[in-house]
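K.L.:
From first to last, the protein sequence lines stand for chains A and B. Once you know that position 78 of the first sequence is 77 in numbering that gives the first Met the number 0, the rest is easy, because the numbers rise by one and skip nothing. Once you know that position 59 of the second sequence is 58 in numbering that gives the first Met the number 0, the rest is easy, because the numbers rise by one and skip nothing.
Read the hints as simulated data drawn from the structure, not as lab findings. Positions of the beta carbon are idealized from the N, C-alpha and C atoms, including for glycine. Please note that a few of the clues may not be correct.
[To be verified] Some but not every residue of chain A turned toward chain B, in silico, with C-beta under 10 Å: (1) E18; (2) Q68; (3) K79; (4) F81; (5) L142; (6) W144; (7) N171.
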Amino acid sequence: MHENYPKNRMLSQSLIGRETNQRWLMNAKRADRKSRSIIDSQTAEIIIQSERITQAPTAYLYINRDYLQSHAGALVMDMKNFDPYPSWRRRCTELGRHVAPWHWPEWGHTDHQWERKLMDIATYGFAASDAIDVTEVNSLLRLWWRTGAGVLTVAFEVPKRTAQEVCGSFANIAASRVQTNSQDVSADQLMKIDDLDIELDKVWDESLHGTTWKEGSED
Amino acid sequence: MNGLQHKVKRQLGRHRRITSQVELAQYLEMSTSSLSRLLNNPNRQMRQTTFDKLQSFLGISNGELDALLETDALSDEELREKQTELEERMRNQSWMLRDLAQRLTDAEDIIEDLRSVRLGAKKDA
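Looking at chain B on its own, in the form it has when it is part of the complex (with noise of 0.2 Å):
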């Protein structure tokens, strides 16, 4: 069972209107086969409005469901690959962040120093 598949199972014992794949299927307007299909890929491709009708029945956000389906189309291993991929690169913008934020006090000091450099070339001349 992939992700859609299990979302979309707990959704239709909770969801009011909705309790079947086939409630569900015509809510997609969709054949029931077809809905099967969706379900099965996890390479599955959609329509726009098929997506919107989904996320509104699974109550999830369009962030969340489009994780959902990209990371459906990961292998385990895919996934742990991606995961390595995205703690490195916020290991790094926590560091840039860091710096960033130093550079601009610094920025600010080296102001006040030309300044202070400034003011005084005045007061010689």
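Pulled out of the complex, with its shape left as it was, chain A reads as follows (with noise of 0.2 Å):
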């Protein structure tokens, strides 16, 4: 800058750009009001279309933030992330369960194919899973939607056929994704996957204050 350049021209340049800062900062603001009421609306709408696919009603939502967090070769979960109905915290009580179903010694034991249903999160952003059982007949049905770099959970109790038909076409549109080749891949998220060692048995439960929870042990 000059150095005869005079002060209060410097003055009021720094200003116009405080103020063009603070214009843009609450014009920002207000951008953000609106898209989280858009978001919620629109997850919203996930979960009702999620009911009309196994047309039950939701036992829970997880919301995960970060999906491909992991601590310590276990899977991170939070019972802060963790929205049980009502209905489900009634029907856990009479089945003498856990709410949370990653406390359930089925967990893990029967879901060898996690580190695949990550992969189809990432690669088509939707997956499927019933690989765990509530009772003989019904399944606890998954349905994971990618939502940026986040995945939303809505868990059912449904039927262990209505489970196997949804599951079905699940991968149906998956396939069909892959032969239209209209996928959203995000590569960061396969190679991080890559990069992920998570034992199947374990689960980081952050809401236990940092005491990892293992097949078998106490709640």
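Starting from the two chains in their separate frames, assemble the complex, guided by the hints.
P.N.:
Quick look at the structure:
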């Protein structure tokens, strides 16, 4: 800057710069509020569509802000992100099971395809699993929907046959996405999955203040 | 000079009735020294009635005055940090919105597929 540049003009320019920044900040905040409200309503729409798919009421929701996060080789689950519906709470009490399925003995034991599911979520943006049984006739059907860096899980208790049908349709649509080559693949996410080394019987439950729950351990 | 001082100074040159800080102080029902302190202090606190009157005098929205007061309290560096944080958040939101729109299409396709599978099963039966 020229040393004879008028001081009051410099001051005025810096103020204009600051005012522009302030205006930008104000507009950005407005856009942020609007985006959040659209995200909320579209998330609700996804839940409604999931119920249309399964023809059953939602059991619980799990919102994972970063689904590729792991801790010491364990999948990170947190009660803070878990939203069980009252009917699911009642059902779990009835069955004598913990309300969070990652505390069930079947968790990790039967869900051998977890890495494959992560791949599907990253590649197609959606995946379904009926690997965990609730009773002899019902499955815990989990539908995963990728939303940016996060994943919304919508879970249902449905008859095993319904669960198989739904998983079949998820696979059909995934296959059609490959055929039409229209999938939204995130290379970063796929690379992250390759680097992941999650032991399936381990869950890092953040809400338990850093204790790692393992299969067969007490809650 | 902070943002509010700048805005007030500019508005005093434009306003029909209030053209000096003394008149503004009268309008805000405070002494001129209190108004000076209010304008000079970037970490200012004010009553709701003062906020409303100031907003009306400046002819800006609630949100604009809020943002002005908030950003006045920030240093240039904090302001830049805030911008970076918001830019990052907006990038993520844009990604989420694109993904959500695609997921709704996916869900429709899945429902359609299920319908045809169930119809096929009925026909077979």
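K.L.:
It remains to establish, for every hint, whether it holds in the given structure.
P.N.:
Taking the hints in turn, this is what the structure says about them:
1. Interface hint at A/E18: satisfied, since its Cβ lies 6 Å from the closest Cβ of chain B, which is below the 10 Å cut-off.
2. The beta carbon of A/Q68 comes no nearer than 15 Å to any beta carbon in chain B, farther than 10 Å, and the hint placing it at the interface is violated.
3. Because the smallest distance between the Cβ of A/K79 and any Cβ of chain B comes to about 19 Å, over 10 Å, the interface hint for this residue is violated.
4. Interface hint status for A/F81: violated, as the beta-carbon distance to the closest one in chain B is roughly 20 Å, over 10 Å.
5. With a cut of 10 Å, the hint placing A/L142 at the interface with chain B holds, because the nearest CB-to-CB distance is about 9 Å.
6. Here the hint on A/W144 is kept, as its CB sits about 5 Å from the closest CB of chain B, short of 10 Å.
7. A cut of 10 Å between beta carbons decides the hint on A/N171: the least distance to chain B is about 5 Å, and the hint holds.
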